[in-house]
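For the record, the sequence lines run as chains A and B.
Going by the numbering used here, the first sequence opens with residue 1, and the numbers climb by one from there.
Going by the numbering used here, the second sequence opens with residue 310, and the numbers climb by one from there.
The set of hints was computed from the structure by calculation and includes no laboratory data.
Don't take each hint at face value.
To be verified - Simulated restraints on C-beta separations:
(1) A:Lys94 / B:Val483: 34 to 44 Å
(2) A:Gly82 / B:Leu315: 47 to 57 Å
(3) B:Ala919 / A:Arg7: 56 to 66 Å
(4) B:Leu315 / A:Leu273: 44 to 54 Å
(5) A:Asp60 / B:Gly338: 57 to 67 Å
(6) B:Val777 / A:Gly82: 30 to 40 Å
(7) B:Gly858 / A:Ser293: 19 to 29 Å
(8) A:Lys94 / B:Lys637: 51 to 61 Å
(9) B:Ala919 / A:Ile255: 24 to 34 Å
(10) B:Val777 / A:Ile255: 16 to 26 Å
(11) A:Val298 / B:Tyr318: 51 to 61 Å
(12) B:Thr548 / A:His40: 35 to 45 Å
(13) B:Leu518 / A:Ala153: 51 to 61 Å
To be verified - Beyond 10 Å from chain A on every Cβ pair, some chain B residues (computed):
(14) Asp355
(15) Glu364
(16) Gly476
(17) Glu507
(18) Ala527
(19) Asn552
(20) Gln606
(21) His659
(22) Arg747
(23) Thr765
(24) Tyr767
(25) Ile825
(26) Thr844
(27) Val882
(28) Ile907
(29) Tyr912
Unchecked claim - List of simulated lysine-lysine pairs, DSBU-like, C-alpha gap at most 35 Å:
(30) B:Lys317 / A:Lys94
(31) A:Lys131 / B:Lys531
(32) A:Lys218 / B:Lys317
(33) A:Lys218 / B:Lys917
(34) B:Lys616 / B:Lys544
Beta carbons: idealized from backbone N, C-alpha and C, even for Gly.
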Amino acid sequence: MEFFKIRKDIPFMRHALVFNVVSLITFVAAVFFLATRGLHFSVEFTGGTLIEVSYAQAADTQKIRDALAGAGYTDTQVVNFGSSRDVLIRMPLKPGQDSAALGASVMGALEQDTAGVELKRVEFVGPQVGKELAENGAIALLLVVFGIIVYLALRFEWRFAVSAIIANLHDVVIILGFFAFFQWEFSLPVLAAVLAVLGYSVNESVVVFDRVRENFRKMRKATVPQIIDNAITSTISRTIITHGSTQLAVLSMLIFGGEVLHYFALALTIGILFGIYSSVLVASPLVMWLGVSREQFVKPQKPKEEAVV
Amino acid sequence: MNRYPLWKYILIAVVLALGLLYTLPNFFGEAPAVQVSSIKATVKVDARLLARVEEILKAEGIAHQGLFADQNSVRARFGDTETQIKAKDAVERALNPDAENAAYVVALNLISRSPAWLTAMHALPMYLGLDLRGGVHFLLQVDMKGALTKRLDATAADLRSLMRDKGVRHGGIVRERDQIAIRFRDAEMRNKARAAIESAQPDLLFTELQDGADLKLAATLKPEAQKRIQEFAIKQNITTLHNRINELGVAEPVIQQQGADRIVVQLPGVQDTAKAKDILGRTATLEVRLVDDENSQNPAVMEEAAKGNPPAGTEYYVERSGGPLLVKKQVVLTGDRLTDAQPGFDNQNHEPAVHLTLDSAGARIFKDVTRDNVGKRMAILLIEKGKGEVITAPVIRTEIGGGRVQISGRMSTVEANDVALLLRAGSLAAPMEIVEERTIGPSLGAENIERGFNSTLYGFIAIAVFMVIYYLLFGLISVLALSTNLLLLIALLSMLQATLTLPGIAAIALTLGMAIDANVLINERIREELRNGATPQAAITAGYERAFGTILDSNVTSLIAGLALLIFGSGPVRGFAVVHCLGILTSMFSSVVVSRGIVNLIYGSRRKLARLSIGNVAWK
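When you get a sec, could you build the whole thing from the sequences and use the hints?
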């Protein structure tokens with residue numbers, strides 16, 4: 001079987017500007033939603049208490065809200081989680097509240113209201129921890145960006161490193177933009193997914209760049225756009241099949257992974273889709289515009305120096 | 310040319326065999342078990358205990374499936390949970406005849422069903438995280454400032470007695486925030502004091518100050534001393550937590566330091582979080598202080614004190630029995646000096662009592678204080694979260710030497726037991742606060758395992774089906790390489806006993822999806838070589854060689870992201886990162902070395918190879 005029977009190089013570089021404008025618009029939209037709506041951070045980052053309970057029958061969230069309000073917990077968020085029988089209760093941090101007793105007292109209030117409530121999990125995060133997590137996440141992101149730039153600059157050339165990282169950081173912003181637009185919960189696993197995507201879609205650029213470097217040596221007469229077109233065309237089959245395979249694994253997680261892995265898989269899905277686009281169609285034009293040339297890879301033969309006495 | 314030297318095949322075979330061996334324990338599952346460990350340092354777990362447990366089970370007619378002993382515990386395995394619970398009750402009754410004064414912890418646990426020879430090779434099943442097996446997780450923050458303040462208070466008390474011993478006249482010794490200030494009338498006394506303190510307290514730094522007519526000597530702790538105290542505080546707290554959790558009877562608790570001032574406590578299988586929190590949350594420190602008897606008997610002063618204005622140097626407390634009293638702020642002894650506390654009975658009136666044993670320094674201080682204060686009252690306070698409670702305030706009848714102290718009076722047996730437990734479990738060197746807490750119910754744990762397993766399984770099947778259809782035999786080889794990757798990854802996780810969490814399982818699924826990349830690269834490259842007219846054998850060689858550089862680059866960039874997560878991530882992110890990084894490493898081996906090995910075995914020895922089973926390449 002073969003999906004890609006491409007006989008001629010596809011002139012991607014002729015449309016480079018279009019690709020970049022499209023991605024610029026998406027990027028600006030993502031930034032806009034991030035700025036206006038902001039991310040919906042999970043309790044891990046904001047601090048607070050999260051209680052997941054399971055009822056024998058379908059749960060009435062309004063009734064639960066009333067029961068909690070009756071027990072003195074007013075500022076709570078009660079939503080269904082996965083199924084109509086599972087309920088997630090979020091409570092903000094309150095100064096002076098005995099966090100340790102909260103879980104038990106909430107359960108007490110719920111049990112009074114409806115019998116047969118099962119506590120599935122309680123998560124309490126203090127304000128200090130949340131702040132640190134956010135800081136550490138930012139440091140991790142910087143470290144990944146720095147590490148990848150250095151590695152690519154050593155293995156290839158700084159132009160490749162810079163374009164690859166710009167293309168892939170723009171993926172990260174777009175993933176975050178989606179999370180801001182839909183107000184999906186941004187939790188620690190999502191952060192992990194975002195960073196994994198960053199490492200993963202840089203691969204894509206690496207594969208194309210590898211070909212570009214090879215082509216500079218092989219295709220002596222070709223122009224830079226021709227070389228890049230050929231590199232993208234000859235790797236496109238691999239690009240799509242690889243991403244398709246990874247997406248199969250992620251899709252399986254999206255279907256079978258339940259609520260906990262849902263947003264993790266969702267972040268990966270967006271990352272993979274935009275990763276293909278940006279690492280190939282955004283990174284390569286950037287390399288071209290940054291002025292990559294054959295001389296940077298193929299060393300001109302030095303004329304032999306004569307011995308001097 | 311597509312032949313591996315023999316040693317490479319042997320290497321692959323050995324790695325695969327080891328992988329299989331260390332993955333094996335995961336397939337046996339777990340059996341219900343009863344675990345017996347000792348609470349007291351004096352009670353050793355040894356072969357005798359093993360024999361005794363065996364006897365008990367025999368006497369009760371409970372069939373077990375094996376008894377095991379390690380350094381800390383004896384474990385008995387049972388066929389089903391019903392027998393397990395019956396056995397637990399039987400063992401508990403026999404080993405701890407006096408429930409009030411238990412010597413052993415008898416806890417329910419799960420142990421691997423894998424055969425003994427595997428266990429002997431340290432081939433153990435993967436260690437499941439709390440989100441997969443259910444339990445409680447706490448992150449405790451140690452109040453380091455509290456530890457330093459406490460130390461300064463104790464030092465201030467030491468300085469007072471030092472000044473008295475050396476006959477140095479001073480105008481008062483007080484702790485002011487993070488320093489101790491001593492006032493003097495003249496410089497001569499100050500110099501004398503400074504010389505005396507410098508030789509007795511090497512941890513202090515001094516500054517001399519002028520405060521009005523008075524001369525002042527300010528002492529602060531040296532930075533290295535502060536560091537030492539903080540390190541000691543966290544160690545002491547961990548030890549104390551160990552003791553307290555042992556009382557809870559948890560099978561495999563995890564108590565670890567995290568960062569400079571945090572402690573992680575994980576109690577797998579514990580569902581009664583209220584009790585766990587209660588015991589952990591008893592961040593109690595013990596203090597012995599003298600009661601200000603004169604003022605305590607003055608109703609006018611007491612009335613004023615009850616409103617929050619106690620006389621200088623004292624604090625107002627209400628005793629457990631209800632009587633108010635004033636306790637001096639000066640601390641005579643802290644819980645650090647306590648080596649043991651046991652509930653018991655008073656020899657004379659057979660009232661419930663608590664017997665305390667002090668270390669030698671504590672015994673000496675106690676002797677001095679009791680000698681000087683016969684007839685007065687002494688208060689034993691339990692300080693919890695900055696708030697004190699007077700447990701008891703007995704009258705000192707005689708000088709008490711030898712470090713053996715008995716507290717009795719107005720206590721029930723249960724109370725005596727509680728007080729002894731709290732004291733024995735040790736006092737915390739510094740107060741602690743729960744900054745993160747996670748409780749996972751057992752049903753959620755089982756659900757999470759199923760979700761993670763299904764995600765991985767169906768993801769794998771989908772990739773396998775696609776690869777075989779698209780690349781035919783080479784696709785099958787890629788799938789075999791991918792299976793090897795999974796096998797090695799699980800073997801490595803089992804070998805390292807890294808904790809597997811739900812994000813960890815997600816990382817396994819994701820790693821499989823990403824690892825196939827290497828094989829896709831290779832297969833595509835081989836097809837391309839064939840298309841460009843290379844012979845099948847040359848195409849295999851060129852395909853593997855050319856693809857390798859790309860595979861290396863892409864794995865390194867993934868590894869950079871993985872390592873950053875490993876370094877800066879905590880909790881769920883770390884669980885993800887560990888598996889992700891290991892998976893990248895194993896995939897390099899399996900997708901390149903193992904798949905090439907299989908290809909070489911199949912095609913390497915054929916001289917006249919017309920075509921490769923790698924799908925359609927003839928369209929050009």
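Now the hints, each set against the structure:
no., hint, result
1, A:Lys94 / B:Val483: 34 to 44 Å, "holds (36 Å)"
2, A:Gly82 / B:Leu315: 47 to 57 Å, "holds (54 Å)"
3, B:Ala919 / A:Arg7: 56 to 66 Å, "violated (24 Å)"
4, B:Leu315 / A:Leu273: 44 to 54 Å, "holds (46 Å)"
5, A:Asp60 / B:Gly338: 57 to 67 Å, "violated (39 Å)"
6, B:Val777 / A:Gly82: 30 to 40 Å, "holds (34 Å)"
7, B:Gly858 / A:Ser293: 19 to 29 Å, "holds (21 Å)"
8, A:Lys94 / B:Lys637: 51 to 61 Å, "violated (36 Å)"
9, B:Ala919 / A:Ile255: 24 to 34 Å, "violated (42 Å)"
10, B:Val777 / A:Ile255: 16 to 26 Å, "holds (21 Å)"
11, A:Val298 / B:Tyr318: 51 to 61 Å, "violated (39 Å)"
12, B:Thr548 / A:His40: 35 to 45 Å, "holds (42 Å)"
13, B:Leu518 / A:Ala153: 51 to 61 Å, "holds (57 Å)"
14, Asp355, "holds (38 Å)"
15, Glu364, "holds (40 Å)"
16, Gly476, "holds (49 Å)"
17, Glu507, "holds (38 Å)"
18, Ala527, "holds (31 Å)"
19, Asn552, "holds (20 Å)"
20, Gln606, "holds (36 Å)"
21, His659, "holds (38 Å)"
22, Arg747, "violated (5 Å)"
23, Thr765, "violated (8 Å)"
24, Tyr767, "violated (4 Å)"
25, Ile825, "violated (5 Å)"
26, Thr844, "holds (20 Å)"
27, Val882, "violated (5 Å)"
28, Ile907, "holds (19 Å)"
29, Tyr912, "holds (20 Å)"
30, B:Lys317 / A:Lys94, "violated (63 Å)"
31, A:Lys131 / B:Lys531, "holds (31 Å)"
32, A:Lys218 / B:Lys317, "holds (33 Å)"
33, A:Lys218 / B:Lys917, "holds (30 Å)"
34, B:Lys616 / B:Lys544, "violated (39 Å)"
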